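Listed below are the residues making up each chain.
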Amino acid sequence: MKKLATYGVKPHDAALKADGKQWSLMEKLLLGLTLDQYIGQVLRNKLNWVLAIIFAIGIPVIIYRFIFSLGAVTHASYDYPWGLFLGFGLFCMVPLSASGFMLGTTVEIFGRHDFEPIERLALLNGLLGYFFAVVYLLVDLGQPWRLSYPMVYSFGPAAVLFLVGWHVATYLSVQVAEVSTAFFEWIGFKRGYDFIRKGTVGLTVAGIILSTLHQGALGALFLYAPGKVHPLWYSSAFQWIHFFTSSIPAGLSMVICVSTIVIYTMKWRCDQRFIDNLDRITISLAKGAAMGLSTYLIIKLIAVAHDNEWAYLATGWGTWWLLEIVGFVFAPLVLLSYAIRHKLVGLCRVGAFWVVAGIILNRLNTALITFNWQLYQEIPHKFEIIISVTIFAIYVTTYRFILNRLPILYKFKPQADE
Amino acid sequence: MSKITRRKFLAGSAAGGAAMMMTPAKKAFAAGSFEGFPDGMGVLVDLTRCVGCRTCEAACNVEQKLPEPALPFDDTSVFDEMHHGQKRRTTDKAYTIVNRYEPKSADEPLYRKIQCNHCNEPACLTSCFVNAYKKTPEGAVIYNSKVCVGCRNCMIACPFHIPAYTYSSVLNPVIKKCIFCYDTRLKEGRPPACVESCPQQVMTFGKRKDLMVIAHERIKKNPGKYVDHVYGEKEVGGTGWFYLSNVPFEEAGFDVNLPKKPIIDNVKDFLAIVPMVLTIWPALFTGFHLLATKGKSHGHGDDNSHDKQEGH
Ligand code: SF4
Ligand code: SF4
Ligand code: SF4
Numbered sequence: 001m002k003k004l005a006t007y008g009v010k011p012h013d014a015a016l017k018a019d020g021k022q023w024s025l026m027e028k029l030l031l032g033l034t035l036d037q038y039i040g041q042v043l044r045n046k047l048n049w050v051l052a053i054i055f056a057i058g059i060p061v062i063i064y065r066f067i068f069s070l071g072a073v074t075h076a077s078y079d080y081p082w083g084l085f086l087g088f089g090l091f092c093m094v095p096l097s098a099s100g101f102m103l104g105t106t107v108e109i110f111g112r113h114d115f116e117p118i119e120r121l122a123l124l125n126g127l128l129g130y131f132f133a134v135v136y137l138l139v140d141l142g143q144p145w146r147l148s149y150p151m152v153y154s155f156g157p158a159a160v161l162f163l164v165g166w167h168v169a170t171y172l173s174v175q176v177a178e179v180s181t182a183f184f185e186w187i188g189f190k191r192g193y194d195f196i197r198k199g200t201v202g203l204t205v206a207g208i209i210l211s212t213l214h215q216g217a218l219g220a221l222f223l224y225a226p227g228k229v230h231p232l233w234y235s236s237a238f239q240w241i242h243f244f245t246s247s248i249p250a251g252l253s254m255v256i257c258v259s260t261i262v263i264y265t266m267k268w269r270c271d272q273r274f275i276d277n278l279d280r281i282t283i284s285l286a287k288g289a290a291m292g293l294s295t296y297l298i299i300k301l302i303a304v305a306h307d308n309e310w311a312y313l314a315t316g317w318g319t320w321w322l323l324e325i326v327g328f329v330f331a332p333l334v335l336l337s338y339a340i341r342h343k344l345v346g347l348c349r350v351g352a353f354w355v356v357a358g359i360i361l362n363r364l365n366t367a368l369i370t371f372n373w374q375l376y377q378e379i380p381h382k383f384e385i386i387i388s389v390t391i392f393a394i395y396v397t398t399y400r401f402i403l404n405r406l407p408i409l410y411k412f413k414p415q416a417d418e
Numbered sequence: 001m002s003k004i005t006r007r008k009f010l011a012g013s014a015a016g017g018a019a020m021m022m023t024p025a026k027k028a029f030a031a032g033s034f035e036g037f038p039d040g041m042g043v044l045v046d047l048t049r050c051v052g053c054r055t056c057e058a059a060c061n062v063e064q065k066l067p068e069p070a071l072p073f074d075d076t077s078v079f080d081e082m083h084h085g086q087k088r089r090t091t092d093k094a095y096t097i098v099n100r101y102e103p104k105s106a107d108e109p110l111y112r113k114i115q116c117n118h119c120n121e122p123a124c125l126t127s128c129f130v131n132a133y134k135k136t137p138e139g140a141v142i143y144n145s146k147v148c149v150g151c152r153n154c155m156i157a158c159p160f161h162i163p164a165y166t167y168s169s170v171l172n173p174v175i176k177k178c179i180f181c182y183d184t185r186l187k188e189g190r191p192p193a194c195v196e197s198c199p200q201q202v203m204t205f206g207k208r209k210d211l212m213v214i215a216h217e218r219i220k221k222n223p224g225k226y227v228d229h230v231y232g233e234k235e236v237g238g239t240g241w242f243y244l245s246n247v248p249f250e251e252a253g254f255d256v257n258l259p260k261k262p263i264i265d266n267v268k269d270f271l272a273i274v275p276m277v278l279t280i281w282p283a284l285f286t287g288f289h290l291l292a293t294k295g296k297s298h299g300h301g302d303d304n305s306h307d308k309q310e311g312h
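Chains as they are written, first to last, in UniProt numbering: chain A, 1 to 418; chain B, 1 to 312.
No lab work stands behind these hints, which were simulated from the structure alone.
Straight-line alpha carbon distances no greater than 20 Å define the calculated EDC-like cross-link-like pairs of lysine to aspartate or glutamate that follow: (1) Lys-87/B with Glu-378/A; (2) Lys-260/B with Asp-307/A; (3) Lys-261/B with Asp-307/A; (4) Lys-87/B with Asp-79/A; (5) Lys-93/B with Asp-79/A.
In this text, all values refer to a predicted model and were calculated from it rather than measured experimentally.
Isolated chain A, as found in the complex:
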């Protein structure tokens, strides 16, 4: 795309073409390029080649899973009923997608319109993360075609998963509504846009409620397994608070990470407003992340004190716990604070990637690594890893497809008069 720009090709970013004509849908899909230009640009991009290789290996494995059962792609373990699909796909993707409700709250509820340039990116990040968490879930469920059963057919309301199911489903629709404004602009459906815009505050508040509850609920799911999760990662009083508070730095850092990748690889798609504001916003987001992270750190320590688990720190698991807490919570916190203090955007970005890694480590620790600590450790089946990576690659592809087209990183230039 960069190359094309030097030839004076301008991507689709307004309701009308420069000469005042309407864009056709095909033209919109091709970003306003000709077919040849578009294909040339796809082939030039090295990431596409990497993705193609992943798909070539991974998609057949996914098909294999649906023909030959879960048992063929996992270790079919009775002791580790949840493997990578949920351990990573559900428990990591959901907190990393908490960005939607947080930025929504900041902009729409607290009226901080200085965050607006990144609001849509945060909303999209939320929507896609949740959507793909559900995709992971569909691969993992024994009978995915019964996904709607807890909603319509048979209710198990005492179950935390029931809450998660309902909330993720409702929240997904809320997010679709929120992101649909960008879509309506893009296809040029103004009435839809106005309709949703009117309900923004309602949608945002619904988002906050649902997010508080299901982020926490993911933690509460482990309350069913008091003897199985290692005590250092388990706290009957604080588990849901841990998951909820850590989702705040997780979501904010994820937005920083995505915006960083975007600004380095898709700058052509960002408008001046986004580019000019990004550094300032990155630092503000980092501030939020650092605040969330310090709260999280404190509650983590309180939980250990509350259950009087200090003795465990002297064990091997304790060392592992300290590595997570010091290496992936405390260290990035120090880095972020330093970077914010000295307004170092680059360091904020490094810190954000670090935080994201830390959250992933924490969720994997809770769901897989320290799970059944008294039994044995399970190493996921290679096909399980391949499928997880492939779904992630589909996520990246979809993400990019949308960012390339919808007015997420740029502001749509509306028709002059109506």
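Guided by the hints, dock chain B with the ligands onto chain A, whose structure is given.
Leaving out everything else, chain B with the ligands in the frame of chain A:
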């Protein structure tokens, strides 16, 4: 956009949303405080009597129409089998298994039969989001494969590592576990196949509360023979099957660190905050919104900018 319409929308959506999600939360409390059935049946298992003959395994296999095992039921080499450093456990092809232990405090090996304990407040039941499990008045914890989605949360939740899953099935994978021979026997008041088959009378079938009295009497009448604990009397809220042993229970492979309260009690604190969040949050954040945007002519900067652009 006027303030009125926005607020109306807000009130409408928040109330609607709350009502929709309140219902399950309320029901959750009702379901969560389930205490088990007073007249439920149970089984008292006396580990001191078990000789490890595996007759019960064979009986269960026939009764539940399970596939033939790789090794015959009189093969004792299975006691040496180790999987990931663990002794055998229940699987989708064996609802009950007998393991051998070498307790420190006894000279002889000890055998223990493992199957579903038919908890009073089963963790599997309360964790299932489609309510596939049912605790019957007779005391059995049974499972309805017709509604199971296959999330396997029940396997996570069961503190005794009992439910297994038919991972190898593509179209209809289901949970498999001991069902107290509910369909074929318990319903008619008959003892389960494994209990009846045992040549050593290891297991006694009867009303749970009567059996509990017998268990304590047995401990009292034979001083020094048993450790003074009935495993399953209090563990995770009490189980339908419970155990007597001559060695400390941890030496017989039991998890002695389980909470006395039912597993669901752990989760109640969290479920209790649900209605709070649902009722307080909307008011709180709407308040924030009104405060934060007070005094701005349009109340909403983004609308404002769009309004201008779109020439309203
Ligand atoms: S032992 Fe496990 S499977 Fe059986 S009733 Fe109790 S929780 Fe459920
Ligand atoms: S696997 Fe089936 S029975 Fe077990 S919790 Fe999930 S839906 Fe319920
Ligand atoms: S009660 Fe029935 S299903 Fe359960 S272990 Fe005994 S024979 Fe098998």
